[in-house]
Each structure stands twice: as structure tokens, then as C-alpha cells.
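Visitor: Chain by chain, the residues:
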Amino acid sequence: MINSSIFMHPTTFFIIGAILLPLVKRVHISLQKVILVVVPVLAIIQVNMALPESFGLVNYLGFDLIFGRVDKLTLIFLNIFTIMALIGSIYGLHVNESGQHIAGWLYVAGSLGVTLCGDYLTLFVFWELMAFASTFLIWYRKKKKSIEAGFRYLLVHTAGGLVLLAGIFLRYKNVGMEGMAFEHIAANGVTTADYLIMIGFMLNAAVPPIHAWLPDAYPEATVTGAVFMCAFTTKTAVYVLARGFAGYEVLAIMGAIMTLYGVGYAIVESDARRILAYHIVSQVGYMVCGIGIGTAMAVNGACAHAYAHILYKALLFMGVGAVLEMTGRSRLTELGGLYAKMPWALVFTVIGGIAISGFPLTSGFISKSMIIAAAGEHHQIGIMILLTLAAVGTFLSVGIKLPYFIWFGGKDKSDIECKDAPWNMNLGMLMAAFFCIVLGFKNGIFGYFGYDWLYAMLPNAVDYHPYTSYHLSETFQILGFTGFGFFLLRKYLTPKPYMCLDLDWFYRKGARVFMWLALKPVTAVNNFTDNVWKSIGLAFTMATAKMFSWFDREGIDWVIDGSAKSVVNGGDQIRHIETGKIQQYIGFAVAMIFIVLIAVIFNF
Amino acid sequence: MGQIITYLRNNSSGLKFIFFGFLIFTIVFDVFANRHEPHFWGDSIIGFWAMFGGFGCLVMSVVCKGLYKNWLKKDDNYYDK
Chain A
42 MINSSIFMHP TTFFIIGAIL LPLVKRVHIS LQKVILVVVP VLAIIQVNMA LPESFGLVNY
102 LGFDLIFGRV DKLTLIFLNI FTIMALIGSI YGLHVNESGQ HIAGWLYVAG SLGVTLCGDY
162 LTLFVFWELM AFASTFLIWY RKKKKSIEAG FRYLLVHTAG GLVLLAGIFL RYKNVGMEGM
222 AFEHIAANGV TTADYLIMIG FMLNAAVPPI HAWLPDAYPE ATVTGAVFMC AFTTKTAVYV
282 LARGFAGYEV LAIMGAIMTL YGVGYAIVES DARRILAYHI VSQVGYMVCG IGIGTAMAVN
342 GACAHAYAHI LYKALLFMGV GAVLEMTGRS RLTELGGLYA KMPWALVFTV IGGIAISGFP
402 LTSGFISKSM IIAAAGEHHQ IGIMILLTLA AVGTFLSVGI KLPYFIWFGG KDKSDIECKD
462 APWNMNLGML MAAFFCIVLG FKNGIFGYFG YDWLYAMLPN AVDYHPYTSY HLSETFQILG
522 FTGFGFFLLR KYLTPKPYMC LDLDWFYRKG ARVFMWLALK PVTAVNNFTD NVWKSIGLAF
582 TMATAKMFSW FDREGIDWVI DGSAKSVVNG GDQIRHIETG KIQQYIGFAV AMIFIVLIAV
642 IFNF
Chain G
487 MGQIITYLRN NSSGLKFIFF GFLIFTIVFD VFANRHEPHF WGDSIIGFWA MFGGFGCLVM
547 SVVCKGLYKN WLKKDDNYYD K
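Chains as they are written, first to last, in the working numbering: chain A, 42 to 645; chain G, 487 to 567.
Among the clues, some could well be false.
Simulated restraints, written as ranges between beta carbons of each label pair [unchecked claim]: (1) Lys113(A) - Asp561(G): 47 to 53 Å; (2) Lys184(A) - Trp557(G): 25 to 31 Å; (3) Gly369(A) - Phe541(G): 37 to 43 Å; (4) Asp561(G) - Arg67(A): 42 to 48 Å; (5) Phe518(G) - Gly451(A): 35 to 41 Å; (6) Trp557(G) - Phe487(A): 50 to 56 Å.
A few chain A positions that, by computed beta-carbon distances, are all more than 12 Å from chain G [stated by the list, open to error]: (7) Glu169; (8) Gly288; (9) Trp448; (10) Ile486; (11) Gln625; (12) Ile634; (13) Phe643.
20 Å max Cα-Cα, derived DMTMM-like pairs, lysine to aspartate or glutamate [unchecked claim]: (14) Lys560(G) - Asp571(A); (15) Lys555(G) - Glu189(A); (16) Lys560(G) - Glu375(A); (17) Lys186(A) - Asp561(G); (18) Lys537(A) - Asp561(G); (19) Lys559(G) - Glu375(A); (20) Lys560(G) - Asp545(A); (21) Lys561(A) - Asp571(A); (22) Lys550(A) - Asp562(G); (23) Lys186(A) - Asp566(G); (24) Lys183(A) - Asp566(G); (25) Lys550(A) - Asp529(G); (26) Lys184(A) - Asp562(G).
Simulated from the structure, these hints should not be mistaken for laboratory data.
Every residue gets a Cβ at the ideal spot worked out from N, C-alpha and C, and that includes glycine.
Throw the hints in and build the complete structure from the sequences for me.
Guide: Pasting the structure below:
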């Protein structure tokens with residue numbers, strides 16, 4: 042039974058929009074652009090105005106599927122996801138290929154579906170839609186490297202999806218129907234099933250050691266595709282972890298490790314988009330850590346940071362994507378001196394860079410600090426120090442290194458022919474930059490878009506004031522002296538044109554071992570058995586066949602012919618015996634009894 | 487916008503001066519900052535986070551670059567070989 046309220050699901054807009062795009066494009070290309078803006082705007086209005094607490098209940102094969110479950114935790118993610126869909130669509134307006142937009146929107150639809158669903162089965166369906174649709178955002182780059190990276194991405198996510206599905210099935214077996222409701226799982230009494238679900242979620246959150254798909258795939262995606270990808274997969278995973286697994290100590294520890302792991306790679310990487318991809322690992326680490334700490338303030342911090350992070354990370358991907366779009370390059374070693382040719386991309390990227398580094402008066406300052414403060418108040422000093430150290434690395438790698446080596450790098454002028462990006466890309470960047478700055482102010486614009494506005498959306502009540510003099514002092518010192526460190530070390534930190542090993546080594550080289558196994562030993566064994574068959578098996582078969590044919594001719598035929606003859610002869614003889622004379626029969630019977638008697642007597 | 491950035495770049499000595507002024511300011515500011523209840527010993531030392539930032543930056547750079555140079559760095563076609 043399908044309730045009609047399912048059509049108020051914001052996903053509906055994106056799916057219908059995705060179907061319309063190629064159709065209206067045939068009428069006129071500008072109609073596609075109109076739809077690209079209108080649909081996300083409608084979704085933003087829908088999400089913020091008209092969602093009831095529960096809708097879209099479907100009973101399917103005896104399962105209660107819940108497509109819409111709305112509370113504060115859902116709403117803050119829906120809010121930022123739809124805003125991001127608008128920014129990403131505007132940034133991609135110049136792309137005429139409908140397929141790219143369709144993939145992007147189905148990906149958004151998957152993400153919104155996961156955020157809204159109230160049971161594991163619905164979650165799984167949308168989860169797979171996300172993985173499937175986003176793969177096309179990589180493939181649409183249409184380069185050999187992208188195709189390969191897309192296949193790896195899809196395989197890893199399929200594996201992760203299967204782990205999740207196994208967890209869901211096991212949970213159904215353990216708990217039954219009520220276990221299918223997607224709610225917080227209490228940390229005591231947690232079973233293998235729940236851990237499998239958690240691992241499935243952690244794969245999408247790119248928690249090491251199952252993170253390598255992210256820096257492998259994102260840098261190979263299309264320019265606009267990467268902007269979508271950096272916002273949705275990991276943050277949807279953050280949402281589901283916050284929903285299901287808040288307060289799990291293991292997440293706090295893994296999260297703290299993540300922050301440093303990602304930042305460490307970002308310091309040495311040379312590809313601009315790969316630096317940013319590693320930085321997603323690092324920044325999502327803060328959120329995973331906040332969820333793991335699990336206090337009201339820490340979960341608030343994780344959500345606020347997800348909100349801020351989506352905007353500044355998208356801004357950074359857009360800035361670097363603009364450079365890639367205009368110059369065809371993303372390696373820092375091949376760039377430099379672009380400041381006069383692409384100044385606006387520089388300005389926007391630097392805004393993203395200072396926001397991610399947590400400068401005062403930017404979004405990073407009011408969100409990241411909330412998680413670090415929550416760790417301090419929860420007396421997890423080790424974690425607090427690790428998170429602060431990661432903040433140092435963040436400013437070093439993304440705040441300074443990335444813009445410096447793209448736009449300056451000690452070069453007076455770049456010899457690359459290029460100019461600033463098209464207006465729609467700049468508009469997308471401007472929107473994200475607007476949020477990055479305004480979120481750093483208490484009241485924002487007339488009470489909207491400031492951090493008070495953001496804090497009011499958080500799932501728990503907030504008692505946190507970011508602008509204390511000590512927090513300011515701490516931030517000034519850390520940023521100032523990290524900048525000083527870069528100033529001294531900038532020659533040493535100059536990127537080199539090499540790639541970096543990561544844990545994808547295991548499956549990339551592992552696949553080669555598999556191929557080698559298939560090509561060498563398996564083929565050798567196959568050839569050997571072939572030869573054995575040809576020389577021995579075949580001869581043996583022929584000989585057996587000959588033998589059977591002889592046996593058939595000489596044995597079976599003889600027996601059958603013989604028995605047929607004997608039946609005829611036997612019948613003839615019996616005909617002669619059957620005289621019809623009763624005396625002969627009695628005499629024959631007596632003789633038979635006599636013979637039997639003799640046999641019995643002599644035997645015993 | 488390009489001209490403003492070019493101007494700033496050509497007058498980077500002034501920017502350097504401002505930057506070093508800012509570094510001194512951070513330490514002075516720390517003296518007067520209103521400290522909350524310390525979470526650990528570092529919170530009560532003046533200039534602790536400056537040291538943390540500077541040394542953190544140095545240590546991370548050296549460790550990461552060291553790992554990179556001696557182990558993680560591979561040619562671009564490493565996986566195609």
C-alpha cells in the first residue's frame with residue numbers, strides 16, 4: 042500500500058527533474074539551465090517549509106518502509122544538502138551534457154533519501170543509489186584513469202554495501218521487525234550485526250583503513266562532479282553514524298586518527314584535488330570524533346562542522362576545479378603564478394582556505410572549535426591535542442600551501458594561457474564564500490545565516506560561545522605561528538611530481554596478484570589438463586568407445602539376438618511340452634517333488 | 487582584482503612587516519586573554535599555542551616529508567607497470 046504523501050519527499054523533485062532535463066534540452070538548451078536552478082530551489086523551500094514529522098509509509102512484503110522521518114538531526118542535513126545541490130547545479134550550468142546533471146541529481150536524491158528514511162531497508166536502497174549514481178560523475182570525465190578509478194570506486198562501494206546488507210539481515214534475524222527501524226543503537230549489548238552496519242557506514246565516511254577509495258576516485262571525477270561528491274557521500278555517512286552510533290568510543294579514537302592521517306597526506310601530495318580529497322578524510326575525522334565522544338555538545342559540533350565543511354570544501358573544490366577547467370591542470374608542480382590571470386578563483390579559494398583553517402569570522406572557527414572544546418570538556422585531552430595538531434596541518438596544507446603553489450609559487454607570471462572561470466562558476470563560488478564568511482558572524486544578515494541561526498538548527502540545545510578571548514588567542518597563535526612555519530619551510534615543502542602510496546595499494550596490487558593467478562597458474566593448470574586430455578584422455582576415450590562398440594556388437598547384440606532366438610525356441614519347446622494330458626503333468630510334478638526331496642535330504 | 491593582488495605582491499615587504507607584527511601581537515594578546523578553567527597544563531602557559539603551532543608545523547612537515555621521500559613516493563605510472 043503506497044501512501045500518496047510519498048510524493049512530498051524532496052527526492053521526488055530531483056528524480057522528476059532528472060527525467061525532464063534531457064527532454065527540455067531538445068526544446069532549447071536554456072530550458073535545461075532554468076530547470077537546473079528551479080528544482081533545487083523548490084527542494085530548499087520544501088525542506089524548510091513543508092515537511093511533517095513522518096510521511097511516506099509504505100507496506101511492502103510485510104515490511105514497514107518509512108521514507109520520511111523528520112527531526113532536527115534530519116533537518117539540518119537536509120537544509121545543507123539542498124543548498125549544496127543548488128550551488129553545485131549553478132556551478133555546473135555551463136555543462137550541456139544532461140547525463141552529468143542527471144548523475145549528480147540522482148546522487149543528491151540518494152543522499153536525501155538516506156537522510157530521510159526511517160528504516161534500514163529504505164536506507165540500503167538509497168545508499169546504493171548514491172554509490173551507483175556518483176560512479177557516473179567519475180566516468181563522465183572520460184579519461185582512461187577516470188574509467189579505471191570509477192570501477193575501483195564502484196567495487197569498493199559494492200563491497201561496503203554488502204557488508205551493510207549483511208549487517209541488516211543479521212540484525213533482522215537477531216531482533217526481528219522492530220530492529221529494522223533506523224534508530225540509535227545502545228552501546229551496551231551491541232552485536233556483530235551492528236558492527237557490520239557500522240563498518241558499512243564507516244566505509245562511506247572514509248575512516249582509515251577503508252578510506253583509500255576517496256583520494257583515489259575524487260581527483261579523477263569531472264570538475265563539477267567532484268564538487269557534488271565532496272559534499273554528499275561522506276556527510277551522509279556522518280549523518281547515519283550520528284543517528285545510529287553516537288557515543289561509541291571507537292569512533293572518537295578513529296576520528297582523531299583520521300584527522301591526522303588525512304592532513305599528513307595533504308602536506309606531501311602534489312595534485313590539488315587529491316590534497317583536498319585527503320582533507321575530506323581529515324575534516325570528516327573531526328565529525329566522526331565528535332560523534333564518538335557523543336555528548337550533546339560534541340554531536341552538535343559534528344553537525345555544525347558538517348554544515349560548515351560542506352560549504353568550504355565545495356568552495357575549495359570549485360576554486361581548484363575552475364583552475365582545472367581553464368588550464369587543464371591540477372598538479373601544483375605544473376601550476377604557479379596564476380594570480381594575475383585567475384584572481385577571482387584565488388580570492389574564493391583563499392576564503393575556503395581560511396574557513397577550513399578556522400580563522401575568526403569564518404564558518405570553521407565556530408564549528409571545528411565546538412568539537413575540540415567538547416573533547417576538552419569530556420576530559421579527552423589526548424584527542425583534543427590530536428585535533429588541534431590536525432588544525433595546524435590543515436592551515437599549513439590547504440590554507441597556505443595549496444593557494445600559494447597554484448597562484449604564486451615564486452613565479453612572476455604563469456605561461457599558461459587562461460582567464461577567470463565563466464560567470465556561473467564564479468557565482469557558485471560566491472554563494473559558498475558568502476556562507477563561509479557570514480556563518481562566522483553571530484547574527485549573519487538580519488538574523489539569518491549567522492552562527493546563531495546555525496546553532497538553532499542543531500539537534501541538541503546549545504550553550505557554546507565561540508568568541509571567547511582565550512579561544513581567539515589560541516587561534517591567533519596557532520595560525521600565526523603555523524604561517525611562520527610555512528614561511529621558513531616553504532622551499533622544503535615544495536611539491537614534487539610524484540604520486541603517493543596509500544592503502545589502495547592492497548587492492549590495486551592485489552588485483553594484479555589475482556590477474557597473475559588467473560593468467561599464470563590457473564591458465565597453466567588449464568593447459569596441462571588440456572594436454573593430458575588430448576594425449577591420454579582422448580585416446581582412452583576412443584579405446585573405450587571402440588570397446589563399447591565391440592561389446593555392443595559382440596556382447597549385447599549376441600545376447601539380445603540369442604535371447605530372442607531362445608525365446609522362440611523355448612516357446613516352441615514349451616509348445617511341445619504342453620501336451621494337455623493331465624497324467625503327464627502329474628507325473629512331471631511328482632518327479633520334480635522327488636528331485637527336490639533328494640536334494641534336501643542329501644544336503645542336510 | 488588582479489591588479490590589487492599584483493600590487494600587494496610587489497609590496498610584500500610591507501606585508502611581511504605586518505605579519506611579524508601580528509605574531510608579536512598574538513603573544514601580547516595571550517597575556518591579557520581571559521583564561522577559562524584549564525583542561526590541561528598547556529592552557530596555563532603563556533604562548534603555549536604559539537609553540538604548539540610552530541613546532542607542530544615543523545614536526546609534521548619533517549615526519550610527513552620523511553615518510554614521503556623514503557617510502558610513499560612513487561612514479562606516476564607505478565600502478566601501470
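Visitor: Decide, hint by hint, whether the structure agrees.
Guide: Hints and how they fare:
1. Lys113(A) - Asp561(G): 47 to 53 Å: holds (50 Å)
2. Lys184(A) - Trp557(G): 25 to 31 Å: Given a distance of about 28 Å, which is inside 25 to 31 Å, the answer is holds.
3. Gly369(A) - Phe541(G): 37 to 43 Å: Since Gly369(A) and Phe541(G) have Cβ atoms about 39 Å apart, the given range 37 to 43 Å holds.
4. Asp561(G) - Arg67(A): 42 to 48 Å: Distance hint for Asp561(G), Arg67(A) holds at roughly 47 Å.
5. Phe518(G) - Gly451(A): 35 to 41 Å: holds (38 Å)
6. Trp557(G) - Phe487(A): 50 to 56 Å: Holds - the Cβ-Cβ distance for Trp557(G) and Phe487(A), about 54 Å, lies within 50 to 56 Å.
7. Glu169: holds (27 Å)
8. Gly288: holds (20 Å)
9. Trp448: violated (8 Å)
10. Ile486: holds (23 Å)
11. Gln625: Gln625(A) is indeed farther than 12 Å from all Cβ atoms of chain G, at 100 Å.
12. Ile634: Holds: least Cβ distance 95 Å, greater than 12 Å.
13. Phe643: Given that every Cβ of chain G is farther than 12 Å from that of Phe643(A), nearest at about 92 Å, it holds.
14. Lys560(G) - Asp571(A): Given pair Lys560(G), Asp571(A) is violated - Cα atoms ~41 Å apart, limit 20 Å.
15. Lys555(G) - Glu189(A): The hint is violated at about 27 Å.
16. Lys560(G) - Glu375(A): Measuring from Cα to Cα gives roughly 18 Å; hence the hint holds.
17. Lys186(A) - Asp561(G): holds (15 Å)
18. Lys537(A) - Asp561(G): Between Lys537(A) and Asp561(G) the Cα gap is close to 11 Å, so the pair holds against 20 Å.
19. Lys559(G) - Glu375(A): Satisfied, since the Cα-Cα distance of roughly 18 Å is no more than 20 Å.
20. Lys560(G) - Asp545(A): holds (14 Å)
21. Lys561(A) - Asp571(A): Holds - the C-alpha atoms of Asp571(A) and Lys561(A) are around 15 Å apart, at most 20 Å.
22. Lys550(A) - Asp562(G): holds (15 Å)
23. Lys186(A) - Asp566(G): Cα-Cα ~10 Å, so holds.
24. Lys183(A) - Asp566(G): With a Cα-Cα distance of about 18 Å, the restraint between Lys183(A) and Asp566(G) holds, given a limit of 20 Å.
25. Lys550(A) - Asp529(G): violated (47 Å)
26. Lys184(A) - Asp562(G): Since the Cα atoms of Lys184(A) and Asp562(G) sit roughly 15 Å apart, the hinted pair holds (cutoff 20 Å).
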